[in-house]
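Residue numbers (the working numbering), protein chains in the order written: chain A, 1 to 265; chain B, 1 to 441.
The hints are simulated quantities; they were obtained by calculation from the structure and are not laboratory data.
Note that beta-carbon positions come from the ideal geometry of N, C-alpha and C, so glycine has one too.
All clues stand as given, with none of them false.
Simulated coverage check for chain B against chain A, where a stretch passes if three residues somewhere in it have a Cβ under 8 angstroms from a Cβ of chain A:
| id | region |
| --- | --- |
| 1 | 53-66 |
| 2 | 154-167 |
| 3 | 241-248 |
| 4 | 281-288 |
| 5 | 325-332 |
| 6 | 402-409 |
Okay, the calculated beta carbon distance ranges per label pair:
| id | chain 1 | residue 1 | chain 2 | residue 2 | range |
| --- | --- | --- | --- | --- | --- |
| 7 | B | L83 | A | A29 | 58 to 64 angstroms |
| 8 | B | G92 | A | A29 | 46 to 52 angstroms |
| 9 | A | A169 | B | S68 | 50 to 56 angstroms |
| 10 | B | Q127 | A | G75 | 31 to 37 angstroms |
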Amino acid sequence: MTPALRLALVLTAGLLTGAAQAQMTDATAIVEAANEASYYAGDDGRSAARMMIVDGDGNRQRRQFTLLRQDVADGGDQRYLVVFSRPADIRGTVFRVEKHVGESDDRWLYLPALDLVKRIAAGDKRTSFVGSHFYYEDISGRGVGEDRHALIETTDDAYIIESTPRDPAAVAFARYRTRIDRDTLLPMRTEYEREDGEVYRRMEITEVETIDGYPTGTETRMTDLDSGGYTVTQFRYSEYDIGLPADIFSERSLRNPPRQWLRRD
Amino acid sequence: MLHTARPIAARLVLLIALGGLAPALAGAQDTDEGWDDEGWGGDPWAEEQTGWQWYGFIEGAVAPRLQSDPAVNDDFTLAETRLQLEGERRLGDYTANLKGDVWLDGVEDGGRGDLREANLAGRLTAQTDVVVGRQIITWGTGDLVFLNDLFPKDYVAFFSGRSDEYLKAPTDALKLSWFGPLNVDFVWMPRAVPNRFITGERLSYFSPQAGRRVAAPPKLDPRDRDDFGGDSELALRLYQTLNGVEVAGYAYHGFDNQPSARDADGRAYFPRLSSLGASVRAPVLGGIGNVETAYYHGEDDSGRDPDRPNDQWRWLAGYESEPLSDLTLGWQYSLEWIQDHDALLAALPRQQRRYAPDEYRHLLTNRITWQSPRQDLTLSMFTFYSPSDADYYLRPRAQYRFSDSLTGTAGANLFGGEDDWTFHTQLEDNSNLYLRLRYSF
Numbered sequence: 001m002t003p004a005l006r007l008a009l010v011l012t013a014g015l016l017t018g019a020a021q022a023q024m025t026d027a028t029a030i031v032e033a034a035n036e037a038s039y040y041a042g043d044d045g046r047s048a049a050r051m052m053i054v055d056g057d058g059n060r061q062r063r064q065f066t067l068l069r070q071d072v073a074d075g076g077d078q079r080y081l082v083v084f085s086r087p088a089d090i091r092g093t094v095f096r097v098e099k100h101v102g103e104s105d106d107r108w109l110y111l112p113a114l115d116l117v118k119r120i121a122a123g124d125k126r127t128s129f130v131g132s133h134f135y136y137e138d139i140s141g142r143g144v145g146e147d148r149h150a151l152i153e154t155t156d157d158a159y160i161i162e163s164t165p166r167d168p169a170a171v172a173f174a175r176y177r178t179r180i181d182r183d184t185l186l187p188m189r190t191e192y193e194r195e196d197g198e199v200y201r202r203m204e205i206t207e208v209e210t211i212d213g214y215p216t217g218t219e220t221r222m223t224d225l226d227s228g229g230y231t232v233t234q235f236r237y238s239e240y241d242i243g244l245p246a247d248i249f250s251e252r253s254l255r256n257p258p259r260q261w262l263r264r265d
Numbered sequence: 001m002l003h004t005a006r007p008i009a010a011r012l013v014l015l016i017a018l019g020g021l022a023p024a025l026a027g028a029q030d031t032d033e034g035w036d037d038e039g040w041g042g043d044p045w046a047e048e049q050t051g052w053q054w055y056g057f058i059e060g061a062v063a064p065r066l067q068s069d070p071a072v073n074d075d076f077t078l079a080e081t082r083l084q085l086e087g088e089r090r091l092g093d094y095t096a097n098l099k100g101d102v103w104l105d106g107v108e109d110g111g112r113g114d115l116r117e118a119n120l121a122g123r124l125t126a127q128t129d130v131v132v133g134r135q136i137i138t139w140g141t142g143d144l145v146f147l148n149d150l151f152p153k154d155y156v157a158f159f160s161g162r163s164d165e166y167l168k169a170p171t172d173a174l175k176l177s178w179f180g181p182l183n184v185d186f187v188w189m190p191r192a193v194p195n196r197f198i199t200g201e202r203l204s205y206f207s208p209q210a211g212r213r214v215a216a217p218p219k220l221d222p223r224d225r226d227d228f229g230g231d232s233e234l235a236l237r238l239y240q241t242l243n244g245v246e247v248a249g250y251a252y253h254g255f256d257n258q259p260s261a262r263d264a265d266g267r268a269y270f271p272r273l274s275s276l277g278a279s280v281r282a283p284v285l286g287g288i289g290n291v292e293t294a295y296y297h298g299e300d301d302s303g304r305d306p307d308r309p310n311d312q313w314r315w316l317a318g319y320e321s322e323p324l325s326d327l328t329l330g331w332q333y334s335l336e337w338i339q340d341h342d343a344l345l346a347a348l349p350r351q352q353r354r355y356a357p358d359e360y361r362h363l364l365t366n367r368i369t370w371q372s373p374r375q376d377l378t379l380s381m382f383t384f385y386s387p388s389d390a391d392y393y394l395r396p397r398a399q400y401r402f403s404d405s406l407t408g409t410a411g412a413n414l415f416g417g418e419d420d421w422t423f424h425t426q427l428e429d430n431s432n433l434y435l436r437l438r439y440s441f
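Isolated chain A (complex conformation) (with noise of 0.2 angstroms):
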């Protein structure tokens, strides 16, 4: 190597870490980054995932899936497909998802003992999904231009982020605080306050890896600090652009949930 393409080789590198770690301000395009690292890495991805639920009693029921996911567009419009293996009375129910951004998402459920599909209204997406405390949204991410974002605090290693919801009515909640990790841009922890600014509602992500390059959250868990109930969800096996066909996010898949794409290697 000339000492010409090292220092080449050094000065890149060196502006490469330097974009990284640059300072972002604006609070919005925080929280877009924010949206892009939880939802959209890679083209598409697959991911094993299980539920551990727990209710305030210390009760607990568990859910078990495998998510496959194409996005349309970065940012904008997604397809998923969650094919559930556990318990046995879920086990081979099927749950499509067009996730329409600033619109309604399109909906299926396939109940396999009535060889059902049936569609879902969109409704509330701040319903539990499938039991646990997570809502829909929290799976499939919230729309960044529901509420407004302000960046109120930026330290060494994170942005917190304050964000009110456009329409209150529409939310039990006043306003939520974010951490957003300043190297991943993962949000770390998610705190959503009553108007007197009591925190009733947690998401963390508690466990980070490196999957093809892209930092995932390997483990997250809601709790629910009014009941002490929490759900804890872990991924494995998680992988990205692996290339999925747009043609097996269809009712075919319903019936006939696409095994090659679920199965892990």
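Start from chain A and add chain B according to the hints.
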């Protein structure tokens, strides 16, 4: 003697069921299992399984009648302990599926069994799926109202207090699905599979011939359509989704699933039925709207033979929305329009005319479902109301999921109306309250 012995048998069945479930109730409180794979059964992390995988449930169910039925010598419409086993095995690109029920029946006194699925399913080509063997098939857009779905239903199970999944009866069929610019489902049933209709054995019904509600004996015993090939049925669906709008066309050539005709000797049989139809389902005003239509071409297209059904137009419009969190509301209107009603009335003997169906049968349904925020409690009410028949059918239900393995359900089937012979009123004496407890494994 029988009248007193049967309820006792029924209660015994319930006790056995609850006894069997007691350990399950205790197990529902498990708190210590963590993330170790044991708590997750044999399918850790979506790994491809080899060999047979088995699942199933044990269920105890009772459904006492809310009144005595002068026609049926039993105070219960349901009293059983049921075991369902479901097996699945991967075979290359195919999956072998088996699902069977066995149960101890306190109403029909004895052991019973039913094979619900026994099929091989998989990808034939990149664009073609196949399912061959015994299977459950459903299509169409109605909620508990079926126009183009002419696959067999089990109304006895549905009305007597069994779980909703038993409304669909299995059928032996070859189903080919082709996926392209227009998706095509083709179903061949080599032997006609009728509904599991009301025979009088468990539920009473109205007989126009007798002019009153009747039950077995004698049970309604229509001529079978069991000639392999000769009594075959075909069903076709073409469908596609465009920008969230689901459009489908349907065709059927087979037999009525109800024994709705009578031959010269007065014996009931399943007459020829062909149909054509279409449906659209799409998001409307924040909810889901659907319309569906079907034209039924009956065996007697002039209406001059009252013993054979004539042509019908059927229409359905529905709307479902979630106006509040965890609350779902569904509405449906359906119309059955008999095409040669004047001829039908003219052909009927005078004393039978009052039992004849109206030219237009209107049916309204409403479904209200509320789920608790954690979705362990589900309260629902399904109402059928026919203004033309002046009758109703209510299905209130409360379901509680105690744990991943234990679910309890309480509900009722309530029938009533003005005239003894209309569709729902005839079942009035079968009104029941049911209780089911299911342990899944």
